[in-house]
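**Student:** The residues making up each chain are set out below.
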Amino acid sequence: MIMTNHSLKTLITSSIAAAIMVASGSALADYPERPITLIVPWAAGGGTDATARTIARALEEELGQNVNVVNRTGGSGVVGHTAILNAKPDGYTIGLATVEVNTMHWQGLTDLTYEDLTPIAQINYDSPGIQVATDGAFDSLDTLMEAIRTQPKGSLTASGTGQGGIWHLAFAGFLMDQGIPADQVIWVPSEGSAPAMTELASGGVDVVSTSIPEARSMIDAGRVKSFAVMASERLSAFPDIPTANELVGSDYQVGAWRGIVGPQGMDAEVVATLESALEAAYQSDTYQDFMTQRGFGTEWRNAEEFGQMMEEMDGILGEIVEQVGLAN
Amino acid sequence: MNGVGLVLNFDTILVILAASLFGIFVGAVPGLTATMAVALLVPLTFYMDTIPAIAAIVTTSAMAIFAGDIPGTYLNIPGTPASAAYVGESHALAKKGRAREALGINLVCSVFGGIFGTIILIVVAQSLAEVALKFSAFEYFWLAVLGLSCSIFISVGSRTKAFLSLLFGVLLSTVGLDMMSGAPRFTFGVPDLMAGINFIPVMIGMFALNELMSYYGSKSEKKTISVVDKDSVFHNVPRHVKRYWRNMVRGSSIGTMIGALPGAGADIAAWISYGVGKGRSKDSSKYGTGNIEGIVDASSANNSGISGAWVPALVFGIPGDSITAIVIGVLYMKGMNPGPTIFMDGSGLIYALFIVFILANLMMLPIGYMAIRLSKLFILTPSRVLMPIILCFCIVGAFAINNSVVDIWLMLIVGLVAYLLAVNDFPMAPAILGLVLGSVVENNFMSAMLRTGGDLTSFFARPISAGLGIAVILLWCSPLLIKAYRYQKRKSERASA
Amino acid sequence: MRDVFAGIGFMIAGIVTIITAQQFPTLPSLQYGPSLFPSLVGGGFCIGGAVLTLNSLWQRRKAAAQEVQDDPTLATSPPEKMGWAMVLPPIAIVFYILASDYLGAMLTITIIMFLLMLLRKTKIYVALITSVVMSSAIYFIFSHYLLIPLPQGVLLGGSLPWIS
Numbered sequence: 001m002i003m004t005n006h007s008l009k010t011l012i013t014s015s016i017a018a019a020i021m022v023a024s025g026s027a028l029a030d031y032p033e034r035p036i037t038l039i040v041p042w043a044a045g046g047g048t049d050a051t052a053r054t055i056a057r058a059l060e061e062e063l064g065q066n067v068n069v070v071n072r073t074g075g076s077g078v079v080g081h082t083a084i085l086n087a088k089p090d091g092y093t094i095g096l097a098t099v100e101v102n103t104m105h106w107q108g109l110t111d112l113t114y115e116d117l118t119p120i121a122q123i124n125y126d127s128p129g130i131q132v133a134t135d136g137a138f139d140s141l142d143t144l145m146e147a148i149r150t151q152p153k154g155s156l157t158a159s160g161t162g163q164g165g166i167w168h169l170a171f172a173g174f175l176m177d178q179g180i181p182a183d184q185v186i187w188v189p190s191e192g193s194a195p196a197m198t199e200l201a202s203g204g205v206d207v208v209s210t211s212i213p214e215a216r217s218m219i220d221a222g223r224v225k226s227f228a229v230m231a232s233e234r235l236s237a238f239p240d241i242p243t244a245n246e247l248v249g250s251d252y253q254v255g256a257w258r259g260i261v262g263p264q265g266m267d268a269e270v271v272a273t274l275e276s277a278l279e280a281a282y283q284s285d286t287y288q289d290f291m292t293q294r295g296f297g298t299e300w301r302n303a304e305e306f307g308q309m310m311e312e313m314d315g316i317l318g319e320i321v322e323q324v325g326l327a328n
Numbered sequence: 001m002n003g004v005g006l007v008l009n010f011d012t013i014l015v016i017l018a019a020s021l022f023g024i025f026v027g028a029v030p031g032l033t034a035t036m037a038v039a040l041l042v043p044l045t046f047y048m049d050t051i052p053a054i055a056a057i058v059t060t061s062a063m064a065i066f067a068g069d070i071p072g073t074y075l076n077i078p079g080t081p082a083s084a085a086y087v088g089e090s091h092a093l094a095k096k097g098r099a100r101e102a103l104g105i106n107l108v109c110s111v112f113g114g115i116f117g118t119i120i121l122i123v124v125a126q127s128l129a130e131v132a133l134k135f136s137a138f139e140y141f142w143l144a145v146l147g148l149s150c151s152i153f154i155s156v157g158s159r160t161k162a163f164l165s166l167l168f169g170v171l172l173s174t175v176g177l178d179m180m181s182g183a184p185r186f187t188f189g190v191p192d193l194m195a196g197i198n199f200i201p202v203m204i205g206m207f208a209l210n211e212l213m214s215y216y217g218s219k220s221e222k223k224t225i226s227v228v229d230k231d232s233v234f235h236n237v238p239r240h241v242k243r244y245w246r247n248m249v250r251g252s253s254i255g256t257m258i259g260a261l262p263g264a265g266a267d268i269a270a271w272i273s274y275g276v277g278k279g280r281s282k283d284s285s286k287y288g289t290g291n292i293e294g295i296v297d298a299s300s301a302n303n304s305g306i307s308g309a310w311v312p313a314l315v316f317g318i319p320g321d322s323i324t325a326i327v328i329g330v331l332y333m334k335g336m337n338p339g340p341t342i343f344m345d346g347s348g349l350i351y352a353l354f355i356v357f358i359l360a361n362l363m364m365l366p367i368g369y370m371a372i373r374l375s376k377l378f379i380l381t382p383s384r385v386l387m388p389i390i391l392c393f394c395i396v397g398a399f400a401i402n403n404s405v406v407d408i409w410l411m412l413i414v415g416l417v418a419y420l421l422a423v424n425d426f427p428m429a430p431a432i433l434g435l436v437l438g439s440v441v442e443n444n445f446m447s448a449m450l451r452t453g454g455d456l457t458s459f460f461a462r463p464i465s466a467g468l469g470i471a472v473i474l475l476w477c478s479p480l481l482i483k484a485y486r487y488q489k490r491k492s493e494r495a496s497a
Numbered sequence: 001m002r003d004v005f006a007g008i009g010f011m012i013a014g015i016v017t018i019i020t021a022q023q024f025p026t027l028p029s030l031q032y033g034p035s036l037f038p039s040l041v042g043g044g045f046c047i048g049g050a051v052l053t054l055n056s057l058w059q060r061r062k063a064a065a066q067e068v069q070d071d072p073t074l075a076t077s078p079p080e081k082m083g084w085a086m087v088l089p090p091i092a093i094v095f096y097i098l099a100s101d102y103l104g105a106m107l108t109i110t111i112i113m114f115l116l117m118l119l120r121k122t123k124i125y126v127a128l129i130t131s132v133v134m135s136s137a138i139y140f141i142f143s144h145y146l147l148i149p150l151p152q153g154v155l156l157g158g159s160l161p162w163i164s
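Protein chains in written order, with the numbering used here: chain F, 1 to 328; chain C, 1 to 497; chain Y, 1 to 164.
Mixed in with the good hints there might be a few duds.
Per the computed footprint, the stretches of chain F lying under chain C, defined by three or more beta-carbons under 8 Å from a beta-carbon of chain C, are [as the list claims (entries may be wrong)]:
| no. | stretch |
| --- | --- |
| 1 | 42 to 53 |
| 2 | 104 to 112 |
| 3 | 161 to 171 |
| 4 | 180 to 193 |
| 5 | 216 to 223 |
| 6 | 244 to 258 |
Computed list of lysine-lysine pairs in DSS-like fashion (alpha-carbon distance at most 27 Å, straight line) [claimed, not checked]:
| no. | chain 1 | residue 1 | chain 2 | residue 2 |
| --- | --- | --- | --- | --- |
| 7 | C | 219 | Y | 123 |
| 8 | C | 282 | C | 134 |
| 9 | C | 376 | Y | 62 |
| 10 | C | 491 | C | 376 |
| 11 | C | 483 | Y | 62 |
| 12 | C | 334 | F | 225 |
| 13 | C | 95 | Y | 121 |
| 14 | C | 230 | C | 242 |
| 15 | C | 286 | C | 489 |
| 16 | F | 225 | F | 153 |
| 17 | Y | 121 | C | 219 |
| 18 | C | 282 | C | 491 |
| 19 | C | 334 | C | 95 |
| 20 | F | 225 | C | 134 |
| 21 | C | 95 | Y | 62 |
| 22 | C | 96 | C | 282 |
Rather than coming from a laboratory, the hints here were simulated on the basis of the structure.
Keep in mind it's a predicted model, so treat the numbers as computed, not measured.
Every residue gets a Cβ at the ideal spot worked out from N, C-alpha and C, and that includes glycine.
Turn these sequences into a full structure, and let the hints guide you.
**Tutor:** So this is what it looks like as structure tokens:
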């Protein structure tokens, strides 16, 4: 290939310009001027990963820079959240934090708390549902709760996630809210919602507590039914499932949130830029269509509200962890 | 049928072709594996349409699982836990100058197994899924124990050593957060270890690092494997197929059944099929010394297991193995929600998916053939150039699984321990299976005990569970039973004489 | 004879495993704690190790009784004499872990390949070309297409486009 003198010159000038731009560091006014990395503490292919990739794609359109998703999985989220914490607070490494930020430190798994992170925006919230097998012994939430109350402690079993996972705590909290001891039902830990669903269908456990979208395909298959969702109002994607409030008059709500955070000590301007870009990304069709199609709950909170929500949730979950006997 | 139209367009075919090459490449390079190949594809599928996205994953996984046997055969470095079951056979054949013959029959069995599994998937997916849903912690416990037992009974040499190697793997599987109690075990304060130990860096350490150290330890540049001109890929295939077609059908059936059980997957399938094959073979003493029959058993089973794993994934959205776990995520992302509705929504997507399966498996023949021919490179490249390249792929491959340096350390440490064990004639394959199945055994045992309040008899209370339990106990007692039988027979012969 | 040491090694490992496992927390709701399986594995190490040791000693005695002159275990599996160079791959891995943050993944694997090739008397230009081409290919494929954040290194100041 013959390169003309002219194009060679352009190439050299532009590469020098690029080198200078890189060397001069992040002049705040121009943020972002290079690709951003979004750390996801969960594995590629899962629900959190998909949410992250969708918001990243929408965010790219807003910021005009690539947003690359990097999975740092493991240790119930400890590894990935720690990686977010340890990143340089220059705005070029942010992360998608999940509710485990509010639970793992109570269980003594890590020292990391929500206070070590800079909240940017909350983009999702999923409420837990109470699922039973279609061919099981219970035909309504009332009969189930009655059985839990009257049968001796430990005769019923529930599953849905690992020991101390969010759905475990949400279910235990629901029992506590109903004036039932948190350990009245034995929690059978599982690796995520899918194995719990097979156990439910095969009669291995009596109840599964997970978000409704996680139970969706088994509900569609007619193997599982959902009695109630612990939310303030019915989910738009599942209008047939009543809220716990309608059935037993409980306005108890503990669920799984996902939000964008950064390491501590981020520049306020950078946070503001990201916050407004995220708000636009959140409103975008790309994001909204995806969430609707998956049945995931959408809930927006800006940086300040997100921080308050984490603080509030932290106290509630700490209390439940204590009651369940997992505090460490 | 509009499914055909969805597949037979230029883009999709191009994607299948590219994915085949990618799968073959990743599978054939020591240090890179099938699960990794699929995980790496996820970001790319995000930008594709539904059918090409699924096609890319199906093709890549099928190709990579087959291609993992290429470095296994030539370099004794298997690509997947499933191919660790018979790497001894194929490497022994390669030393006899029959590498291509071994890979040829392997390829044909892989294609057969894959298509067999797909046909089962098309015909009886829903009823097979019903059976799979009868399996609970009790049954999975016995199935995993059966898999582990097979790894000892099929091992060549000292059973004590195979047992210790298996336990080494099981010990590695206990590292990390305990699922039942949520307590960290053997993590030594390293957060990355809380996730547990991934089998990929362990496999790289056990097999690849081991081979590298042996090479640098010896002064000789001579290869133990040489190119033999009359060694042909397909020449002997008709003869082997004629002789072992029963093994192919049996292996594929076992593979599809076990693959369809969520949490069991192709790995257990290959080991059990190999074990069954050895148990039923007329010349089981030849197993482990380079026997085509063992390759037929196991390689039919692992590819059909991959198709089988799609049964619960499509019918109930429940992953059958680590690859379908990723696939379900992609299906959801593409608006193809797994569940019974996927079979009835009338869009033809499900038929398109079946066609992709068949196409991917058929594509394996020519591309696999090409790969086998090209794999001569492993022999033609001088070791002094090849080995450093393999080392660098191992380092990058170990890192790429979790983007974590801890995995490189893990590969190194496990590799050193494995080297010490290997020079003392400990077999490595049982350790891999121990690592993969150790947590399956433990979690299901604990989960079952938690539910029944520690009642051990509950493992025999359900019919399928009891059946599997009895099979395991019979397997354990089989050496004794065979001895007793022979003793009786001799006694009666003497009495009649 | 080596089996005797291997057996003893496993027994020690078994005891260490059991002792470590006793420190794991237990939950009142669980019948069997998280220490059960590690303890079983530790116990298995002890039993297996003991069997291996005793077996090996027994075979030695049997061999001695048959008045075989030379050591039978040595005769059956002659210990291959391994050169010092077998430590090179582990050293190369440690070098990568320590140096890649500074030098960057691409430069580090180039150096590893180049030196290892030279060591086994590869022609210098072959070694140079292969290592540069292969490391560029590895780096490019992994970071550009597969989006793996391989370390860029401080030395090159992030001037390589590792992701885009």
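**Student:** Compare the structure with each hint and give your call.
**Tutor:** Now the hints, each set against the structure:
1. 42 to 53: Coverage by chain C holds here, the residue count being 8 at a Cβ distance below 8 Å.
2. 104 to 112: n = 3 at 8 Å, threshold three: holds.
3. 161 to 171: holds (count 3)
4. 180 to 193: Result for this restraint: holds, n = 5.
5. 216 to 223: holds (count 7)
6. 244 to 258: Result for this restraint: violated, n = 0.
7. C:219 with Y:123: Holds. Residue 219 of chain C to residue 123 of chain Y sits at ~18 Å (cutoff 27 Å).
8. C:282 with C:134: 35 Å, violated
9. C:376 with Y:62: 48 Å, violated
10. C:491 with C:376: At roughly 55 Å apart (the allowed maximum being 27 Å), residue 376 of chain C and residue 491 of chain C break the hint.
11. C:483 with Y:62: Roughly 24 Å between the alpha carbons, so the hint for residue 483 of chain C and residue 62 of chain Y holds.
12. C:334 with F:225: 25 Å, holds
13. C:95 with Y:121: 26 Å, holds
14. C:230 with C:242: This hinted pair holds, its Cα atoms lying about 21 Å apart.
15. C:286 with C:489: Answer holds: residue 286 of chain C to residue 489 of chain C is near 25 Å, not above 27 Å.
16. F:225 with F:153: Roughly 24 Å separates the two Cα atoms, so the pair holds.
17. Y:121 with C:219: Roughly 12 Å between the alpha carbons, so the hint for residue 121 of chain Y and residue 219 of chain C holds.
18. C:282 with C:491: OK: residue 282 of chain C and residue 491 of chain C at ~24 Å, within 27 Å.
19. C:334 with C:95: Given that 27 Å is the threshold and the Cα spacing comes to 47 Å, the pair is violated.
20. F:225 with C:134: OK: residue 225 of chain F and residue 134 of chain C at ~18 Å, within 27 Å.
21. C:95 with Y:62: Measuring from Cα to Cα gives roughly 35 Å; hence the hint is violated.
22. C:96 with C:282: 22 Å, holds
The structure does not agree with the numbered hints 6, 8, 9, 10, 19 and 21 stated previously, though it agrees with the rest.
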